[in-house]
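Protein chains: 2
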Amino acid sequence: MTPATPSDSDVLIANARFYDAFTEGDFDEMADLWAEHAPVSCIHPLSPALSGRKAILETWKEILRSPPPVALRCERPTVHRLSTEVAIVTCYEGEGTHPAHLAATNVFAIEGGRWRMVHHHAGPLSRPIRPAPERPTLN
Amino acid sequence: MTPATPSDSDVLIANARFYDAFTEGDFDEMADLWAEHAPVSCIHPLSPALSGRKAILETWKEILRSPPPVALRCERPTVHRLSTEVAIVTCYEGEGTHPAHLAATNVFAIEGGRWRMVHHHAGPLSRPIRPAPERPTLN
Numbered sequence: 001m002t003p004a005t006p007s008d009s010d011v012l013i014a015n016a017r018f019y020d021a022f023t024e025g026d027f028d029e030m031a032d033l034w035a036e037h038a039p040v041s042c043i044h045p046l047s048p049a050l051s052g053r054k055a056i057l058e059t060w061k062e063i064l065r066s067p068p069p070v071a072l073r074c075e076r077p078t079v080h081r082l083s084t085e086v087a088i089v090t091c092y093e094g095e096g097t098h099p100a101h102l103a104a105t106n107v108f109a110i111e112g113g114r115w116r117m118v119h120h121h122a123g124p125l126s127r128p129i130r131p132a133p134e135r136p137t138l139n
Numbered sequence: 001m002t003p004a005t006p007s008d009s010d011v012l013i014a015n016a017r018f019y020d021a022f023t024e025g026d027f028d029e030m031a032d033l034w035a036e037h038a039p040v041s042c043i044h045p046l047s048p049a050l051s052g053r054k055a056i057l058e059t060w061k062e063i064l065r066s067p068p069p070v071a072l073r074c075e076r077p078t079v080h081r082l083s084t085e086v087a088i089v090t091c092y093e094g095e096g097t098h099p100a101h102l103a104a105t106n107v108f109a110i111e112g113g114r115w116r117m118v119h120h121h122a123g124p125l126s127r128p129i130r131p132a133p134e135r136p137t138l139n
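Line order of the protein sequences matches chains A and B. Count the first sequence with the working numbering and you get residues 1 to 139, in order. Count the second sequence with the working numbering and you get residues 1 to 139, in order.
Hints in this document: simulated from the structure, not taken from any laboratory. All values reported here derive from a predicted model rather than from experimental measurement. Each hint can be trusted.
Reference excerpt, derived from the structure (chain A facing chain B, CB under 10 Å, subset only):
#: 1; residue: Ser41
#: 2; residue: Leu46
#: 3; residue: Ser51
#: 4; residue: Gly52
#: 5; residue: Thr90
#: 6; residue: Thr105
#: 7; residue: Ala109
#: 8; residue: Val118
#: 9; residue: Arg127
#: 10; residue: Asn139
Backbone N, C-alpha and C define an ideal beta-carbon position, used for all residues, glycine too.
Just chain A, with the same shape it has in the complex (with noise of 0.2 Å):
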């Protein structure tokens, strides 16, 4: 049997499952998404780039055990597939019920036959974008 080509369906499992771990609090969900042997990189709201799992996963166990728990949203997220193992998604991330006050660019690579995150960058928008109604796009 040929193993089946992950699809850019997967690649938005892949992204709900980044804004889950976040919501949830859930750092071993956050830590098993991101790859283990592919170079990673992780730019947070307003902050220096970070290299390295390491690094990057001593800024997630810090930032998923502050209380309160923050409701992290993801709106109209749209994959861009550069290749069959690597796909950037794009999208809003907003708390709760406001409208989203962040752009994000989310960036996942195939590793043991599965998307895992390799890049996260996430910035201020300088107006709110409230949610749409539409199903998420494929560029």
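Given the coordinates of chain A, work out where chain B should sit on it, guided by the hints.
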């Protein structure tokens, strides 16, 4: 002869071309740098995500013709090589001789045997970052 494999140095050269095109207000150079076939996306500082070459180049045309010209420096570029065909560069951006005030994600993919830009995301830093004497690093 086997074609040379595009190297991490070539990624840094493509990344430098982006900042040179910006500083020189050279739209043709900017347009040449962005991929023509791969899906492209762009998040300008504080702005919503853009998808597609046409929409992205329209914004660059506008940005690059706005006087006065801005000398945009790239500081501490770091290459995160995801595959033979895709690489992420994280770096900081500063204007003229001012400390860097933006953090950036630049993604490049091989198209026609050379690195072309497929994604750019720049966002503000809470504290400016001063230039470092260190050389470019590889993650």
